[in-house]
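Asker: For the record, in the sequence shown the residue sitting at position 315 is 314 according to numbering that gives the first Met the number 0, with numbers rising by one throughout.
Heads up, a few of these hints could be off.
Said to hold, decoys possible - Distance ranges between label pairs, derived from CB positions:
1. GLY277 to ASP62: 58 to 64 Å
2. SER136 to ALA188: 40 to 46 Å
3. GLY348 to HIS218: 37 to 43 Å
Hints were generated in silico from the structure; no laboratory data involved. All C-beta atoms in this analysis are idealised placements derived from N, C-alpha and C, irrespective of residue type, glycine included.
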Amino acid sequence: MSDAFAWRWSGGGRGLRVTSGGEDVCEVTFGIPEGPEAGVSHEVEDEVSYAVGEIGFRLSVRDLVGDWAVELALDNRSDETQAAPPLGMVVRVAPGWTGWSWTAESDGFLVISREEGDRPSLLIRLRQGFLRESSPSPRFSPSGRRAEALEPNMAAFFLANPTGSLRPFARHVTRLEFGPIDRLEQARAAMPGWVPELIARPGDAIRFDTPDQALVPGHGVTVASDDIAGVATAAAGHREIAVHGARGVTRLRPTFEPDPRVLAAEVVAPLLGRRPGGLPTASGAVVAAALSRRVVADPNAALDWLEQEDWLAREDQFAPLVALAVAVETHDEALGIAALDVLARRRFGAGDGLIASWAWVAGLQMGVAPLDLSAILAKATTPAERFEASLVGQGPEAVCAGGVQTLVRRLGADLPGAPMGLGATDAGLAIALLRAVPEHSSLRAEAVAASDKAAALLAADYVDGLQPTYDGLAWLLWSETLS
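Kindly generate the complete structure, drawing on both the sequences and the hints.
Answerer: As structure tokens, this is what we get:
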């Protein structure tokens, strides 16, 4: 137990509740097998024992110097090979905190940070055994649908190979070490030093300087050797490479980022074959962004498709933006003025400051009376809305610093891996907001590192067809278009 964090048993001895200064940080619940013998051991303090048939299970917590460790052990008590029972873990992050994870089976970590302020982060590091996300793709939770019925700010992990078995009288042990770190970026020290940058920009390769380890490429990945290192290339999307070494298999999930222009064109093509009236407004926003970038194969067809729908009649967030894109393309001042009027009358919500700033630019392009951007930004009421208004209005850096810090931590700074229960729509909006940090700001480098990393992950989700809705992509493409 550390000075920064404390724990206590929860769930009848099946999990831990972690606090900091009396405030909940997270609850870690272990998906361990039920059995006839269960309960807190009377012989050993801070230990719980279970049994299921010939398989015994032990969960123990040990204090270390400044930290603590959780050890989960499965024992095959028979002289025959036994299928290992499921062994998992669900982490629920408390409000006001945000979680990020990187798991590769034989290596991995989870880091949970306070969204605001300078409190230490909680690092949960794999020291022995197995750690893997239970649903490794997509990286961001699909809007309106949660993997395995998980709630927002929750993530599930395997602590043993779900298809594994135990040899006679064998034992599987997973050991997790809990402790504080001062900065989110320090979690990178929990990764093996040989792991390369796991995001390849469009057209780039990933180089593995691992002469004593064997690289086994997954589907769609090609590995070539230059006599010194292995060089991996692949089509855009999330891929897999297994690295076989002395400690076992480290299963990496590199991301090969798609060119945003190519991605936009590929997404738009099938949309143009559908009736716009039957699609959400975010789909129209994606088509409008692609048209504005001139990345569609047939701009006239895209414009005709957009003109089939009265977007302003929908009265939702992206509708004025889509209508303005049509107005700019067709030089329809009446439609442009109507869209600006709708924006001016909207109640301020998350993302409306960004949309208003883009609409202000569109008004200038059309030569109509400019949108009163300051009046729209003045409608912000919540702390998050006021941060966005200050950012868009280029207010004092001191006012924006806390909000930028929150978004950077929510997106995991520049760490590889995936967020714990962050939705694609929220991720797209966070990326767009960080892209709006001014170039002269001292916050810019940190904002760019987090947003570029997250944009690559989100774009790969879409190129792999893992996101059923287009809200996240709309934020991504519009912020790319006008940044």
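Asker: If a hint holds in the structure, say so; if it does not, say that too.
Answerer: Each hint tested on the structure:
1. GLY277 to ASP62: 58 to 64 Å: About 59 Å separates the Cβ atoms of GLY277 and ASP62, which means 58 to 64 Å holds.
2. SER136 to ALA188: 40 to 46 Å: violated, 26 Å
3. GLY348 to HIS218: 37 to 43 Å: Since GLY348 and HIS218 have Cβ atoms about 41 Å apart, the given range 37 to 43 Å holds.
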